[in-house]
Structure formats: structure tokens, C-alpha cells
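Student: One-letter residues, chain by chain:
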Amino acid sequence: MFRDITLGQYYPEQSIIHRLDPRVKLLGTLVYIITLFIGKSFFVYIPAAVFLVMIIALSRVPVSYVMRGVKPIIPLIIISAAFNIILTPGNDIVSFGIIHITSEGIYMAIFMAVRLFFLITGSSILTLTTTPTALTDGLEKGLRFLIIFKVPVHEIAMMMSIALRFIPILIEETDKIRKAQMARGADFESGNIMKRAKAMIPLLVPLFVSAFRRASDLAMAMEARCYHGSQGRTRMKPLVYKRLDFIAYGIIGAYLATVIIMRACGL
Amino acid sequence: MELKTENIIYEYDSGTGYAKRALDGVNVTVRENEFIGLIGHTGSGKSTFIQHLNGLVKPTEGRVLWNGRDINSKDFDRRALRGHVGLVFQYPEYQLFETTVLKDVEFGPKNLGLSEEEALERAREALAMVGIEKEFYQVSPFNLSGGQKRRVAIAGVLAMKPDVLILDEPTAGLDPKGRDEILGRIAGIQKETGNTVILVSHSMDEIGEFVNRVLVMDEGRIVMDDEPRVVFSRLEELDKKGLSAPQITYIMRDLKKAGLDADTSALTVEEAKKSILRALKSPRGPY
Numbered sequence: 001m002f003r004d005i006t007l008g009q010y011y012p013e014q015s016i017i018h019r020l021d022p023r024v025k026l027l028g029t030l031v032y033i034i035t036l037f038i039g040k041s042f043f044v045y046i047p048a049a050v051f052l053v054m055i056i057a058l059s060r061v062p063v064s065y066v067m068r069g070v071k072p073i074i075p076l077i078i079i080s081a082a083f084n085i086i087l088t089p090g091n092d093i094v095s096f097g098i099i100h101i102t103s104e105g106i107y108m109a110i111f112m113a114v115r116l117f118f119l120i121t122g123s124s125i126l127t128l129t130t131t132p133t134a135l136t137d138g139l140e141k142g143l144r145f146l147i148i149f150k151v152p153v154h155e156i157a158m159m160m161s162i163a164l165r166f167i168p169i170l171i172e173e174t175d176k177i178r179k180a181q182m183a184r185g186a187d188f189e190s191g192n193i194m195k196r197a198k199a200m201i202p203l204l205v206p207l208f209v210s211a212f213r214r215a216s217d218l219a220m221a222m223e224a225r226c227y228h229g230s231q232g233r234t235r236m237k238p239l240v241y242k243r244l245d246f247i248a249y250g251i252i253g254a255y256l257a258t259v260i261i262m263r264a265c266g267l
Numbered sequence: 001m002e003l004k005t006e007n008i009i010y011e012y013d014s015g016t017g018y019a020k021r022a023l024d025g026v027n028v029t030v031r032e033n034e035f036i037g038l039i040g041h042t043g044s045g046k047s048t049f050i051q052h053l054n055g056l057v058k059p060t061e062g063r064v065l066w067n068g069r070d071i072n073s074k075d076f077d078r079r080a081l082r083g084h085v086g087l088v089f090q091y092p093e094y095q096l097f098e099t100t101v102l103k104d105v106e107f108g109p110k111n112l113g114l115s116e117e118e119a120l121e122r123a124r125e126a127l128a129m130v131g132i133e134k135e136f137y138q139v140s141p142f143n144l145s146g147g148q149k150r151r152v153a154i155a156g157v158l159a160m161k162p163d164v165l166i167l168d169e170p171t172a173g174l175d176p177k178g179r180d181e182i183l184g185r186i187a188g189i190q191k192e193t194g195n196t197v198i199l200v201s202h203s204m205d206e207i208g209e210f211v212n213r214v215l216v217m218d219e220g221r222i223v224m225d226d227e228p229r230v231v232f233s234r235l236e237e238l239d240k241k242g243l244s245a246p247q248i249t250y251i252m253r254d255l256k257k258a259g260l261d262a263d264t265s266a267l268t269v270e271e272a273k274k275s276i277l278r279a280l281k282s283p284r285g286p287y
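Protein chains in written order, with the working numbering: chain A, 1 to 267; chain B, 1 to 287.
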């Protein structure tokens, strides 16, 4: 049951996109999301689509694999489209009582659905081509300027990578405890919601206990190796920009400029 | 009572390119009043196999039969079966969750649909069997020592009064004293109740002196199924499987090679001692 969950969904490959510095990919994703919100009409989707198709092609991640990540979001897209159709004021096309379907509503629904689709696909490319470790490294270095505002960037990044590291361990642990309680006759599958929620106690209590135990063990192990936060800490594999990364920044900049110019021209 | 597996095969990621066989055609029949040791090195399929016996894992192919009925058929009550086939997982102390020891042990019997009184009665009985004193009944299980926690967890399964009790490496991570305590208790319970016990282990020394049947697993198959004496006499084969016989077997073999008329089938230190003394005192001389 828990084995089916794939998290982090990294797709191992040796493409140009995979080799980019995680900071480039993070900024690229951010820029991409911003451009999706800059545009006021469908025209802005043309460069967005070109950019996305280019990235996917370069990443060599199979399109079917990319779409698998989009699947869980489809209900969300449908619901938001439905609300847009119903709730946007404008010229009625059909109306039943208080429900008015307007041409503006349909336009808005499609516009938003496409935006959401691009948003999810774009950001899933980031996680598909970047390992969780590289991602947190990138965040740590990329957000280092926040130290001026006393933000503990290193500590936050460390917490993030530990949390990510523990997800598979805790999934396995849950599976084990669930089986152990089932061996004692526990029933997780039948009954109403209240009964099922109650049935979760024998699963959740040991899980929390073990999570705390693991956390304290890990803290002990880190202390034993003299971990004391970011001060004076160096990296085994420091992130250094290469030529490829500067080219990527150039392309991202050009893409952003295109979208801004389009907006300025009123498209 | 009969628990039988018919040619069960279990594959991880079945149907994909990465399919891996954890079990590859296992046939075992377990009857009343047996004390079975299941042995194999890490990854031999022991844990996967025992989870088939109470229906926690469904075989990819083959059947598991409880008194002749397929436990994975649609109308079979697998929850009730778990009262008959009790399974104690590795490190069972990590499944404790209740506020008191007594309540935790009552969890199993209550799941079987027993009344409060019956559940309480069984919990007390089970705790007595594992040697947990009355003064601990109202203590939080999280405040016990490691060995005590484990005994409470074992009591949690014992309280369901299973006909077959399966224990997956019950002594893992315990000190020698805790280990002897647990094994002694289990052997005592087996003798007392006459129920079947399956003890999973990777140490022959641990089980040699208790069990009356040894199953050896290797690469998802049962490669040996016999009395301990017979299994341990096949030393070379065991060595090849990365397993070893009890240390005493090696000593006796080497003594025999050195010319002493020692009984190589001795399983315990006590038996070995007797045999060596007899050989030394023999009128024909020790050699």
C-alpha cells in the first residue's frame, strides 16, 4: 500500500538539464512561474510552451513520465475550471436559475486551466531533473543573501534535506507497524470514518515514538561528529557555475525579456 | 490443526522488468505440537515466508492452506486466522502504543471480539507466561527496559492464544541474559501448551538445543527440512549456504577427526560433555 508512493520523483539521466547548477534551475522555475502570471492573453503561452517543450526535450525525460506527475492535479484543474465557468461575470450564454455560464467564464476557465497545466509541468521538471540533495544545496547557496536578515539559511536547508531523507524510512516503518498491528488483529480497512480514525492510533503512536527516537539518535550522531551549524563549514562538492550555467541564465533572461516585451506591446 | 503452503512463489514488483523472487516454490506443512527452527541468512526469504502464514502477504502464485482452506480466498476470515496463527515481528517492542502494559496486551484479544473480562484474563495469563510481574501492569510500556518491552510485546501476541506462534528473531539486539530469558520462556510455553512454535533465527547455536525440526531457507527455497541432528550433520552443505551448525557440532567433529570416539550429533554442551567423558572413560581407552 505504501510502496506505491513515489516521492522526490527524480528521473536519473545524463542530460544538459540534469547537469545544470540547481540554482539555475530554481531561478529558471521561478522566472517561468512569474512569466505565466505576467501575460493577460493566450499569446503569452506561445513562448511559455516553446520554452517548456525545449526544456523537456533537452532533459530527455520521457513525456509520459512527465505527464504522470501532472495526473494527480487534474481534479484540481477541473474544479478550478468549473468555478471559473460559473462565477465569472459577463455575457450569459446559458443560465439555469442562479448559475450563469458566460463566454468570459469559458475563456477564463480555459486560460486558467492552461496556466495551471504549465505551472505544474514546469515545476515538476525541476524535481524530475534535480536530486533532493542538489535541490537543498541549491536553495542553501542561492538564498545565502538572506543571512543579512538573520535567516538561518543553512539550518533550514539542513532540516529540509533531513526531512526528505527520512520520508522513505518512515514509509517503511509505517508499513512494518501496520503489519505488526494487523498480526494482532487490528483492522484498518473497515468501519466508518470515526472507527477508522480510532484504528489509526495503534499505528500513529508507535510511528511518532520511533520518529522521535530516530531524531534524537541522529542529533546524537551529528553532535558526535562535531556538527555545529553553518559556521566554518565547507562542502565536499561546492556548487560552482560553469559555462553551461551562464548560457542557461542567458536563455532564461531572453525568455523573460520576450514575455515582458509582449506584455508591454499589449498582447 | 494443519498449516500448509503449496508451492508458494512471491515476487517483488511483479510484472515489471525488476521482478525479484523472494520466495521460489515453498512447500511446508506444519502440524500440532512442533517446535520448528527456521534458519537462513539475511535475504533468504524467511521474513517474507512467515508473513504468508497469517495472510499479511499474498503469494504471487501458490496457496496457503489452514486446515485445508485457502486463506487467500475471498470468503476466508483472515482477521480470525491471525488469532490462530500469531506472528511476533522483529523488534516487536516498536509496536507498543497503549497507556499501560495491561491495555497493550489486551489489544489483541479485544480485536478477536472477546469481552473485557476475557481479554483481561488472557492478558494476565500471557504476562505471567513471559514473566512480567503484577506491579508493571499499570506502568506505561514506554517506561520499561528493552527486554521487558520485548516480553510485553510477545505477550501481546500470546494473549490471542494462537495455535501456531511464529517469532521473527525474538532475541535480536538483546544481551545474552535477555536472550536466554526469552528463549527459555518460549521453550517453556511450547512445552506447557503443546502448541506449535516457529522460531526464526540465523543462529544455529540459538535454536539447536530447543527445536525438534529445522527448516533451512536459501534463496527463497526450503533446502533442508529435518530433525536438528540430521540437518547439522550436513556440515559442508550448511557452510556452502553461508550458515553454520552449532559450535558444539564443530568441536565434536574435530574431536572425532583427532581420534576421540565422540558423538558428533550432540546438540548441547551437556550432551557433548557426557559423550566426551564417556569416550575418555571407555575401557578400550579414549583413542
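Derived from the structure by calculation, the hints contain no laboratory data.
The reader is advised that the hints may include incorrect statements.
Claimed, not checked - Below 30 Å or equal to it, Euclidean Cα-Cα: the simulated DSS-like pairs (lysine-lysine) are:
1. A:K176 / B:K274
2. B:K257 / A:K176
3. A:K195 / B:K103
What the hints assert, rightly or not - According to the in silico footprint, chain B covers these stretches of chain A (three or more CB under 8 Å from chain B):
4. 183-192
5. 205-213
On a predicted model such as this, the values are computed, not experimentally measured, just so you know.
Where a beta carbon is used, it is the ideal one built from N, C-alpha and C, also for glycine.
Student: Take the hints in turn and mark each one as holding or not.
Tutor: Hint check:
1. Distance restraint check for K176 of chain A and K274 of chain B: the Cα-Cα separation of roughly 45 Å exceeds the 30 Å cut-off, and the hinted pair is therefore not satisfied.
2. Under the criterion of a C-alpha separation no larger than 30 Å, the hint pairing K257 of chain B with K176 of chain A is inconsistent with the structure, at around 47 Å.
3. Restraint check for K195 of chain A and K103 of chain B: satisfied, since their Cα atoms lie roughly 18 Å apart, inside the 30 Å limit.
4. A count of 5 residues in the segment 183-192 of chain A with a Cβ less than 8 Å from any Cβ of chain B is obtained; the coverage claim is therefore met, three being the minimum.
5. Given a C-beta distance limit of less than 8 Å, the hint that chain B covers the segment 205-213 of chain A holds, as 4 residues qualify and 3 suffice.
In this structure, the earlier hints numbered 1 and 2 are contradicted, and the remaining ones agree with it.
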